[in-house]
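As a plain string of letters, each chain reads:
There are 4 protein chains.
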Amino acid sequence: MTPPKPITLADLEPLARAAMEPAAWDYYAGGAGDELTIAGNRAAWDRLRLRPRVLVDVSSVDMATSAFGVALPHPLVVAPTASHDLAHPDGELATARGSAAAGALMTLSTISSRPMEEVAAAAPGSPRWFQLYPPSERDAAADLVRRAADAGYGAIAVTVDLPLPGNRERDLRSGFAVRMGVHLPADQAVDPRTGLVVLPTMTWDDLAWLRSVSPIPVVAKGILRADDAQRAIETGCDGIWVSNHGGRQLDGSIATADALPEIVEAVDGRALILVDGGVRRGIDALRALSLGANLVAVGRPVLWGLASGGADGVERALGVLRSELELAMALAGCPTLTEVTRDLVV
Amino acid sequence: MTPPKPITLADLEPLARAAMEPAAWDYYAGGAGDELTIAGNRAAWDRLRLRPRVLVDVSSVDMATSAFGVALPHPLVVAPTASHDLAHPDGELATARGSAAAGALMTLSTISSRPMEEVAAAAPGSPRWFQLYPPSERDAAADLVRRAADAGYGAIAVTVDLPLPGNRERDLRSGFAVRMGVHLPADQAVDPRTGLVVLPTMTWDDLAWLRSVSPIPVVAKGILRADDAQRAIETGCDGIWVSNHGGRQLDGSIATADALPEIVEAVDGRALILVDGGVRRGIDALRALSLGANLVAVGRPVLWGLASGGADGVERALGVLRSELELAMALAGCPTLTEVTRDLVV
Amino acid sequence: MTPPKPITLADLEPLARAAMEPAAWDYYAGGAGDELTIAGNRAAWDRLRLRPRVLVDVSSVDMATSAFGVALPHPLVVAPTASHDLAHPDGELATARGSAAAGALMTLSTISSRPMEEVAAAAPGSPRWFQLYPPSERDAAADLVRRAADAGYGAIAVTVDLPLPGNRERDLRSGFAVRMGVHLPADQAVDPRTGLVVLPTMTWDDLAWLRSVSPIPVVAKGILRADDAQRAIETGCDGIWVSNHGGRQLDGSIATADALPEIVEAVDGRALILVDGGVRRGIDALRALSLGANLVAVGRPVLWGLASGGADGVERALGVLRSELELAMALAGCPTLTEVTRDLVV
Amino acid sequence: MTPPKPITLADLEPLARAAMEPAAWDYYAGGAGDELTIAGNRAAWDRLRLRPRVLVDVSSVDMATSAFGVALPHPLVVAPTASHDLAHPDGELATARGSAAAGALMTLSTISSRPMEEVAAAAPGSPRWFQLYPPSERDAAADLVRRAADAGYGAIAVTVDLPLPGNRERDLRSGFAVRMGVHLPADQAVDPRTGLVVLPTMTWDDLAWLRSVSPIPVVAKGILRADDAQRAIETGCDGIWVSNHGGRQLDGSIATADALPEIVEAVDGRALILVDGGVRRGIDALRALSLGANLVAVGRPVLWGLASGGADGVERALGVLRSELELAMALAGCPTLTEVTRDLVV
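Protein chains in written order, with our numbering: chain A, 7 to 352; chain P, 7 to 352; chain V, 7 to 352; chain G, 7 to 352.
Honestly, the hints are just simulated from the structure, not real lab data. Treat each hint with caution, since some may be false.
Take a look, some chain P residues computed to stay more than 12 Å from chain V by CB distance [as the list claims (entries may be wrong)]:
#1 P20
#2 P28
#3 A35
#4 E41
#5 A45
#6 W51
#7 R57
#8 G160
#9 R179
#10 R185
#11 D197
#12 T342
With the Cβ distance kept under 8 Å, some of the chain V side facing chain G (calculated, not the full set) [what the hints assert, rightly or not]:
#13 I13
#14 D52
#15 L56
#16 R57
#17 P58
#18 L202
#19 I289
#20 A338
DEER-style ranges, computed between Cβ atoms [as the list claims (entries may be wrong)]:
#21 G275/P to G242/V: 47 to 53 Å
#22 A49/G to K11/P: 43 to 49 Å
#23 L178/A to T342/G: 25 to 31 Å
#24 D233/V to G242/G: 47 to 53 Å
#25 A49/G to D233/V: 34 to 40 Å
#26 S72/P to R152/V: 46 to 52 Å
#27 E143/P to I13/A: 53 to 59 Å
#28 A49/G to D68/V: 30 to 36 Å
#29 L178/A to A49/G: 21 to 27 Å
Beta carbons: idealized from backbone N, C-alpha and C, even for Gly.
Produce the entire structure from the sequences given, and follow the hints as far as they go.
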């Protein structure tokens, strides 16, 4: 059954919820602790008021940008999320097809239900990155990086904010445990309570090593401080992904919209900047771009699209956001991303 | 049936709603997106606290002012709104009569159900402006300007914040499409999804051209930034209308009360300043005047009056606001608008 | 029937409401417009956080103060309110007796149901002031001042914030009109819509004249700005009463707690300072004293006491507040008012 | 019946409430006045946003700290609360056993249902302090101090914020009066209305004298100002306990999270700093430690554990908090308390 055409991403959420097992839904929807950070992410975007410019010719709005030399039709990115088979039987294959149809760079999670090569083959030629939870053994980690590069993934987004899983209490109450997917070795260390991957010993040295073995750009995902952004750049990272893991790691963490400005200032153009966390409207993306992000990632709404409509649903979700951003740029007087400047928000 | 005498504008809203088709009501009431800006406009006025002066003789409060040499008994203006036939069979004729009876300058929308000449004839001698969505063809635009001048409209308020219609989701859900009225050419470009006029190519050059062909003053309506206000003056505009289109264009836009001070400072007396957005009480108008607006416009409440009581209802709505402003000025120690100074608000 | 012993002033409110006619209750309870200022007064006190001092001997807390040379056991004052016969058949006589029993300076309103001499006789020897709405004719005004001085009233609190009555919409809806009491001449100008006294022509010259004819100190009641406080002192006033008329005049007016600091700074010890507005707890009085008020007045809660228990109820209400203030001073480390300093609040 | 294993401290609250007499519950749960400070304590922690560091090896998180030379496995402290027999028949014996099992320093209240020697014997060798309400007679006070030192209590936490009991209105309404326990002399002064201990004459001189007679360190408990912290150090105190008595003394007092920074700055390392007030999550403890507290105390949640499960419940409550703090430290990039620095919060 084709779901009814949604007008907003919010319209997709109840459709997805109805299509999923309650515990799996809660795994996707929930955050750590009291979910202060989930709420804080949303509130921080909404505190930013827009200052539109008028009388600019916006008959053609061009959202084109690029990432590491790859042209992108718009700056919207699919954030990595785990185990898409919870949302749809086609899993990441559907996400890849829908993302490609929507022109969105897709970041595939290490915790995928399908091998990265199959996902790549599902949407050949479309831009894709691989998110990495590095296996404990360096050989295994290097192997994943090489496989990703070989399969055409354009960058490695190394998650740096998951030494341990956050206290996701919805899962503790439901007993839900996500499977660790097809990419991690069988002997990868996991959290005994949740079965989730853990990376407690990972340090800047490991990141430097990963950078040294990666033939493709490396993005540090999960940065919330200017000093960590600076260090990531010194470590050789090509991108900084400002994220609090969708409020799933340290509850009470600063909202990404609040952390972004100091990081943009510290990076000072030396790396690509992404941000995610509570982006639900085109104006949120516009706010993020105004603050200096190069790309804007969205996680849960893609899953809402996937659960409610497979590849078509993913395309629909991303299409809603893309259309909203395009309209928001037009209404703000920005025919291209060049005009999306810091003075657009206050 | 004569509606019961309202004490406040808020009393009129449910009467109007009951008198209208639901989808037409939603067209009037709704805003873009999550209607953040509608709520933000209201909240911004209420954050401004008044600092009344005492022991001033206010036995006679004179609200008289003027606009482009035309004397006005008070600074309250009817903001342009579309298709008054949705609210009352007499449409803009009733609005014109009620506005004239209340001594309010009326701004007629391009998207009118009645020709501007008929509207002018309905209230001869009363102050009126014409709001312009410029037709794509310059000849047609110049023709509208000339017609307005010939019909006694005292200024052209050119809308500059509608390159495309905002995402008014109530209308998308209800399927409501307002008619584009009697003034626009049949071949005027419209938005395919909403049927609304679009002006995506309009630039400062078009505004300069319009100024050059207009025999009457030109006001730029929809300015939210000091730099745009400065540029409008450089382009020859005689007035700056601070507006976010009642929250119907870019959701998340700065509240007009928050944008007004920087614009007042930038304009520095070189142009007439109007403001609209969430004005529902005489104290809102007093706040706006204290921040430096010369005239204060009100949109939806006029429609509430129109829908609930035709011309009499319009007069009643504007009368409530005028009486409230008069009392607020008296209680703030302001016998004339000269005493309404910046230090009245904090 | 004796009402149950209240623990807090809030306990008295429903008792009083049950004892009164609804329209009279609304006259007492209501404010102007949307009652923003009523809510704002309360919120402003609660924003002030206390910084208690420890290890001070507070075995004896002495709240003694004075006003114009008259010793007072504590700084709590009965604010003037109209027509106490609406709350209790003994009217202002009961209020006077209860105030005297509680050791509170009572301010009798011009709009009293009993002549000031009878009220004075009801509580001989206890401190009292007379609140003045000056009659239009100076002879009548001077006569009221002289009568008050002759009857032992220690000061005249001239209301300066009522050029016209505020838009008290509860009364407009209920049709309630308070009687103008026994002190004003029959030909006193009143508001045609509400029947309330109006003083639209009163100016600083009238205040100066009143000061010149008054044998007793004059307090300007209704000041919300430092410049007006300065002018009142220059006009010869002996006291400044910071008030927004309990939120009954200009809705949206600054909260008294927010206006107080700039006025305390401007007065700089040259006049007695009172404040009222939303004082409902001993900690509110402590906050006001910390900000620099010399006396703290309370209006509606006295009426709650009066309506729920006559003179005993007034004593009870004031007793609750006095006990709370005494305890608050002890817990804040203040054995006398001398220790209640600006650094107690933040 | 063993209570179900709680996931959060909030899970324990309803279990405890169900296990207790309503009036005793209210005695524990309630605060002074309108309980503004109870709410304010919570809100102040949640306003502090965390700025986690990434890529730190947190495979081993060591929360070890010390207090006055005594090693502690973690910085969580049991705040003193009265009369544990209200929560469980084993009273403070159970609390001592549970605290010891959880590795938490326990502070025993003077108002204990069991003699301090029995409590010490219940958990031999575990760290404990004694909270002191000094008896009026210095001999009796010195005797309690000596008894505590003899029984192995490592410090005396002298309560300095209770000259009189706060207005705890839940108790006034329920008629509940806590017993004054086994340590105070029969002739100790009590508040006539509540039966609670009062210390209205206690001054800095008394604290200096107590310090002089105490063979063990003395902590001033109930400090909310930098100047009082400075004076406590000058008086010889070894520790400063930032507390507003759980919102039970002066309502409207500053939140402890808001008072802590100025006190940390004033103390400047010269004394041990504790803080309590609304700590309900590991992230609250992390916030407190980031602001400069050395130890973080928790009161009511220990009682929730005690009421719901005796010694096991206390261990469980403290265990939840300890696990949450450990995880929060790991997620914030802090393998030891040394890394918990001021820049972690904003």
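Comparing the hints with the structure gives:
1. P20: 15 Å, holds
2. P28: At about 27 Å from chain V, P28/P clears the 12 Å cut-off, so the statement holds.
3. A35: 19 Å, holds
4. E41: Non-interface label on E41/P holds, nearest chain V Cβ at 20 Å vs cutoff 12 Å.
5. A45: Given a closest Cβ separation of 15 Å, the condition holds.
6. W51: 8 Å, violated
7. R57: 5 Å, violated
8. G160: 32 Å, holds
9. R179: 31 Å, holds
10. R185: 36 Å, holds
11. D197: Since the minimum Cβ distance to chain V is about 37 Å, D197/P lies beyond 12 Å and the statement holds.
12. T342: 14 Å, holds
13. I13: This interface hint holds because 5 Å falls under the 8 Å limit.
14. D52: 6 Å, holds
15. L56: 5 Å, holds
16. R57: 5 Å, holds
17. P58: With a minimum Cβ separation of about 5 Å from chain G (threshold 8 Å), the hint on P58/V holds.
18. L202: With a closest approach of 34 Å, the L202/V hint is violated.
19. I289: With Cβ-Cβ at 4 Å, under 8 Å, it holds.
20. A338: Constraint on A338/V satisfied, holds at 6 Å.
21. G275/P to G242/V: 47 to 53 Å: 39 Å, violated
22. A49/G to K11/P: 43 to 49 Å: Since the Cβ atoms of A49/G and K11/P sit about 45 Å apart, the hinted range of 43 to 49 Å holds.
23. L178/A to T342/G: 25 to 31 Å: Once the Cβ atoms are compared, 27 Å apart, the range 25 to 31 Å for T342/G and L178/A holds.
24. D233/V to G242/G: 47 to 53 Å: For D233/V and G242/G the Cβ distance comes to about 51 Å; the hint holds.
25. A49/G to D233/V: 34 to 40 Å: 36 Å, holds
26. S72/P to R152/V: 46 to 52 Å: The hint (46 to 52 Å, Cβ to Cβ) holds, given that S72/P and R152/V are roughly 49 Å apart.
27. E143/P to I13/A: 53 to 59 Å: 33 Å, violated
28. A49/G to D68/V: 30 to 36 Å: Holds, since A49/G and D68/V (Cβ atoms, about 35 Å apart) stay within the stated range.
29. L178/A to A49/G: 21 to 27 Å: About 26 Å separates the Cβ atoms of L178/A and A49/G, which means 21 to 27 Å holds.
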